[in-house]
Amino acid sequence: MITISHLTKIYPGKKKPSLDAISLSVKKGDIFGFLGPNGAGKTTTVKILMGLMRPTKGEVKVLDESPDAYSIKKKIGFLPENPYFYQYLSGIEFLRMCADIFSIPEKKKEARIKEVLKEVHLQEDSWKSKIRTYSKGMQQRLGIAQALINDPELVVLDEPMSGLDPLGRREMKDVILRMKREGKTVFFNSHILADVEDLCSRVAIIDFGKIILEGDVAEITKKKSVSLEKIFIDTVTKNRR
Amino acid sequence: MNALISLSKNTFREAIRDRILSTIFAFGFLFLLAAPLAGELSAGQSERLIMNFGLAMIHLFGIFITIFVGSRLISNEIDRKTIFLLIPKPVSRSVIICSKFFGLGAVLFCTTLLMSLVFFLLVHPSLPMILIIGFMYLSFLLLLAILLFFSSFMSPLMASVSGILFFLVGNVTFHLKALSYQFGSLFVQRFADIAYHILPNFTNLNLKNYVIYGIPYSTVHLLIITGVTILSITLFLFFATMIFSRKEFS
Numbered sequence: 157m158i159t160i161s162h163l164t165k166i167y168p169g170k171k172k173p174s175l176d177a178i179s180l181s182v183k184k185g186d187i188f189g190f191l192g193p194n195g196a197g198k199t200t201t202v203k204i205l206m207g208l209m210r211p212t213k214g215e216v217k218v219l220d221e222s223p224d225a226y227s228i229k230k231k232i233g234f235l236p237e238n239p240y241f242y243q244y245l246s247g248i249e250f251l252r253m254c255a256d257i258f259s260i261p262e263k264k265k266e267a268r269i270k271e272v273l274k275e276v277h278l279q280e281d282s283w284k285s286k287i288r289t290y291s292k293g294m295q296q297r298l299g300i301a302q303a304l305i306n307d308p309e310l311v312v313l314d315e316p317m318s319g320l321d322p323l324g325r326r327e328m329k330d331v332i333l334r335m336k337r338e339g340k341t342v343f344f345n346s347h348i349l350a351d352v353e354d355l356c357s358r359v360a361i362i363d364f365g366k367i368i369l370e371g372d373v374a375e376i377t378k379k380k381s382v383s384l385e386k387i388f389i390d391t392v393t394k395n396r397r
Numbered sequence: 195m196n197a198l199i200s201l202s203k204n205t206f207r208e209a210i211r212d213r214i215l216s217t218i219f220a221f222g223f224l225f226l227l228a229a230p231l232a233g234e235l236s237a238g239q240s241e242r243l244i245m246n247f248g249l250a251m252i253h254l255f256g257i258f259i260t261i262f263v264g265s266r267l268i269s270n271e272i273d274r275k276t277i278f279l280l281i282p283k284p285v286s287r288s289v290i291i292c293s294k295f296f297g298l299g300a301v302l303f304c305t306t307l308l309m310s311l312v313f314f315l316l317v318h319p320s321l322p323m324i325l326i327i328g329f330m331y332l333s334f335l336l337l338l339a340i341l342l343f344f345s346s347f348m349s350p351l352m353a354s355v356s357g358i359l360f361f362l363v364g365n366v367t368f369h370l371k372a373l374s375y376q377f378g379s380l381f382v383q384r385f386a387d388i389a390y391h392i393l394p395n396f397t398n399l400n401l402k403n404y405v406i407y408g409i410p411y412s413t414v415h416l417l418i419i420t421g422v423t424i425l426s427i428t429l430f431l432f433f434a435t436m437i438f439s440r441k442e443f444s
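In the order they appear, the protein sequences are chains A and B. Each number in the numbering used here comes from the position in the first sequence (counting from 1) with 156 added on. Each number in the numbering used here comes from the position in the second sequence (counting from 1) with 194 added on.
No wet-lab data here; the hints were simulated from the structure. One should not assume that every hint holds.
Said to hold, decoys possible - Dumping the calculated DSSO-like pairs for lysine-lysine here, alpha-carbon to alpha-carbon at most 27 Å:
hint, chain 1, residue 1, chain 2, residue 2
1, A, Lys292, B, Lys402
2, A, Lys184, A, Lys378
3, A, Lys329, B, Lys283
4, A, Lys394, A, Lys380
Said to hold, decoys possible - Chain B residues, not near chain A, derived (Cβ > 12 Å throughout):
hint, residue
5, Leu201
6, Leu279
7, Leu307
8, Leu316
9, Phe329
10, Leu373
11, Tyr411
12, Phe433
From the three backbone atoms N, C-alpha and C, an ideal C-beta is built for every residue, glycine too.
Okay, chain B solo, but in the shape it has when bound (with noise of 0.2 Å):
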C-alpha cells in the first residue's frame, strides 16, 4: 500500500510538471472563459450555449489530457530508464500500473474540478450539471484505462490512435445499433449487438443528453453505469498487467 501510494504521488508530480498537461490545461481554461462570448452570438438562448459550450470544453479538454498524458505514462518509465530501479525493488508490476492510473487519475480530477469551479461561475450550479461533470470524469478514467493497456505493449503514438478509437466507437456503439436494427441484415445486427456489449460504452457515461432533452434517468440507472464502469477500468487494468508482467527490459 505505501509503495502504491508513493508512486501515485510521484505519477501526480510528473504529470502535473508535464508542458503538454499545463499546455492542454491553459487552452481549456480560455476556451471556457470564452464560453460568454458564444452566447453573445446566439439570440435568446444564450444560457443554455454557455452550457453546452462550457460542458464541452469540459469534456473535450479533459479527453485530450487523457489521451496526451496517459498514452505516454509507462512508455515515459521505459524510455528513461527510471524502470530499471522499480522493477527489482518490492513493488509489484500491478502495483506500477496502478500509480499510474491513480497518479493521473488525482490529476483528471484537480484538473476537472478546477475548470468545473470556473464553469460554475458562468453558470449557476445544479445537481444535474454536478452528475454531467462527475460521469465526464469516469469517462476519462474509463479512457485512462484503456490507454494504459494498449501502452503496456504499444508505442504512446499507437496507443493514443487506439485509445482515440476505441474511444470514438464506444461513443457511436448505441447509435449503430439502433441504426443496424432499422436497416440491417441479421449478420449486422449481430455484429452491432457484439460490439454494443464488448466495446466500452462512453454513450451511457454522456449524462448531456439526459439533462438538456429532459430525459428522465434513475439513481438505479446512474449506479447500474457506475459499476459497469468500474468494472470495465478494472479489466483494463488487469489485461494490462498481465501484459506489462511478461515485459522484459533490455
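Isolated chain A (complex conformation) (with noise of 0.2 Å):
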C-alpha cells in the first residue's frame, strides 16, 4: 500500500535533511503506526505521502502510484494534525463538498454524510452550526468524518487523537479498529503510545529524519517484555547519546 524507498526531504536554505534516506513499507490490512518525538520528520512524511510535499531524494509510491496520481486519490483518505476548515461553512456542508470532490452520487451522498458523522458521534445537533463555532474536539471528529466519506483503502491520519478527550479517544479507536476489521490499511502518527500499542500491528519509530525501530509491534513488546512506552523512550534516549 505504501513503499518508501531512500526517502530524503532537505527544506530549502536548510543544510541538515529533515528526512534522511528513510526506507519503510506498509501492507495491505496494516495498522501502522508512525512514532517519533516533536520534529522528528514523522508530519513532512505525511505530507510526502499525501503530495503537500515532495521529495528531495528518493521514491515513495502510494498504492503503487506515485502521491501526485489522481487515479489514487479516489481511495484515500487523509486527516491533516489540527485540520482547518472553511469557518464559514457548517459542518454538513462541508462534507456535501468533500462529497462532491468524490463525486459520491446525489441518491446516496447524504446518507453517507449522516453514516460517517454519525460513525465519528458528532452531535447531531451541530450538523448544521458553523464550523467556527465547534470546539476543537468536534473539528477534530469532524476532520476524521471528511478522511471517510469516500470509503477509503488507505487512511492516514495525523495525530488522529490531538485535542479529543478520553471519551473521543475510545470512539476514535473504534472508527479504527473497525476499518482494521473491513481490512483497510491505516497509517497514523500518534504520539500517545498506548493507543498505539492497542491499535497497531506495525510501527517505526523515526528520530532526525532516520528510521531507529521498525516491525511488529506484538514481537518487539514480546521480546523485551516491556511496553510500547518504554522501548519508545529507551530507543529514543539511546539515538541521541
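From these two lone chains plus the hints, build me the complex, please.
Structure follows, in C-alpha cells:
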C-alpha cells in the first residue's frame, strides 16, 4: 500500500535533512503506527505521502503510484494535523463539498454524510452549525469524518487523537478498529503510545529524520517484555546519546 | 466537473462573506447613488455627467473588488491551511485555480449586475450602455486572471501591486504606442510595439470612449476583442496552474 525507498527531504535554505534516506513499507490491512518525538520528521513524511510536498531524493509509492497520481486519490482518506476548515460552512455543508469532490452520487450522498457523522459521534444538533462554533474536539471529529467520506482503502491520519478527550479517544480507537476489521490500511502518527500499542500491528520510530526501529508490535514488545512506551523512550534516548 | 462546481460555489460563498467585499460594495453603492448630486453641479450637461460618473463608479469599484478580494484567494487557502484538505483529494491543482476564477467571477457578475440596476434607475438603459458594462466585466475577469497568476507565486500584497501595475500599463500601451510613433526613436517604437502586443490590453475593453464620442464600432471588432480577452485569461490561468502545480505546502 505504501512503499518509501531512501526518502530524503531537505527544506530550502537548510543543510540538515529533515528526512535522511528513510525506507519503510506498509502492507494491505496493516495498522501502522509512525512514532517519533516532536520535529523527528513524521509530518514531513505524511505530507510527502499525500502529495503536499515532494522528496528531495528517493521514491514514494502510494497504492503503487506516485502520491500525485489522480487515480489513487479516490481511494485515500487523509486527516491533517490540527485540521483547518472553511469556518463559514457548517459541518454538513463541508462534507457535501467533500462528497462532491469524490463524485459521490446525489442519491447516496446525504445517507453517506449522515453515516460518517454518526460514526465519528459528532452531535446531531451541531451538524448544521457553522464550523467556527465547533470545539477543537468537534473539529477533529469532522476532520475524521471527511477522511472517511469516500470509504477509502488507505487512511492516513496525522495525530488523530489530538484534541480529543478520553471518551473521544476511545471512539476514535473504535473507528480505527472497525477499519482494521474491514481490511482497510491505516497509517497514523501519534504521541499516545498506549493507543498505538492497542491498535497497531506494526510500528516505526523515527528520530532526527532516520528510522531507528521498525517492526511488528507484538514481536517487539514480547521480545523485550516491556511496554511500547518504554521501548520508545529507551530507543530514542539511546539514539540521542 | 463536480469538484469544479463545488469548489467554485465555495469560493463564491467565501467571497460574499468577505468584509472587504461588503465594504467596497457598500461604498460603490453610495457613490453611485451620489451620481445625481454630481449631475447637479454641471451646467446643462447633467445627464452626461451622471452617465460618466455612474459608469466610472461601476468600473472603479469592480476593479477594487477584483484586486482586494482576488489577490487573497490563493493565499487564504494556503495560510488557513484548508489546502491540506484539498490536495490529497481527487481534485487537480488546475481545478483549484479555475474554481477561484469562476467563484469570484460569479461574485463580480452579481456586484456588477446590482450596481448596473441602480445605475439604470438613474440613466435610461440602452444597448451601448449594456455593452460598456459587459466589457467592463470582461476587464474585471482579465484582471482577476492576472491576479491569480501573480498570487500563485507572490504574497497578496505583491500580487496586488503587480496586478495594479499590469492594469495601469495595460491601459496606456495603446497611447504609448501612438506617442512613440510621433516622437520616439526606432528603439522606443519597437519597445512600445512589443509592450502593446504582449501585455494585456485594457484600453480595448473600455468602450466608454466609443459611445461617448460616437466613434463607430463593429460587431466583428467586439467579437475579436472578446476572443483575445478570453485567450489572455486562459493563458494567465494556464501559467498560474503551471506554477501552482510545482508548489509545496509545508
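Hints, verified against the model:
{"no.": "1", "hint": "Lys292(A) with Lys402(B)", "verdict": "54 Å, violated"}
{"no.": "2", "hint": "Lys184(A) with Lys378(A)", "verdict": "24 Å, holds"}
{"no.": "3", "hint": "Lys329(A) with Lys283(B)", "verdict": "24 Å, holds"}
{"no.": "4", "hint": "Lys394(A) with Lys380(A)", "verdict": "15 Å, holds"}
{"no.": "5", "hint": "Leu201", "verdict": "7 Å, violated"}
{"no.": "6", "hint": "Leu279", "verdict": "6 Å, violated"}
{"no.": "7", "hint": "Leu307", "verdict": "23 Å, holds"}
{"no.": "8", "hint": "Leu316", "verdict": "34 Å, holds"}
{"no.": "9", "hint": "Phe329", "verdict": "33 Å, holds"}
{"no.": "10", "hint": "Leu373", "verdict": "44 Å, holds"}
{"no.": "11", "hint": "Tyr411", "verdict": "42 Å, holds"}
{"no.": "12", "hint": "Phe433", "verdict": "19 Å, holds"}
In terms of the numbered hints stated before, the structure departs from hints 1, 5, 6, listed from lowest to highest.
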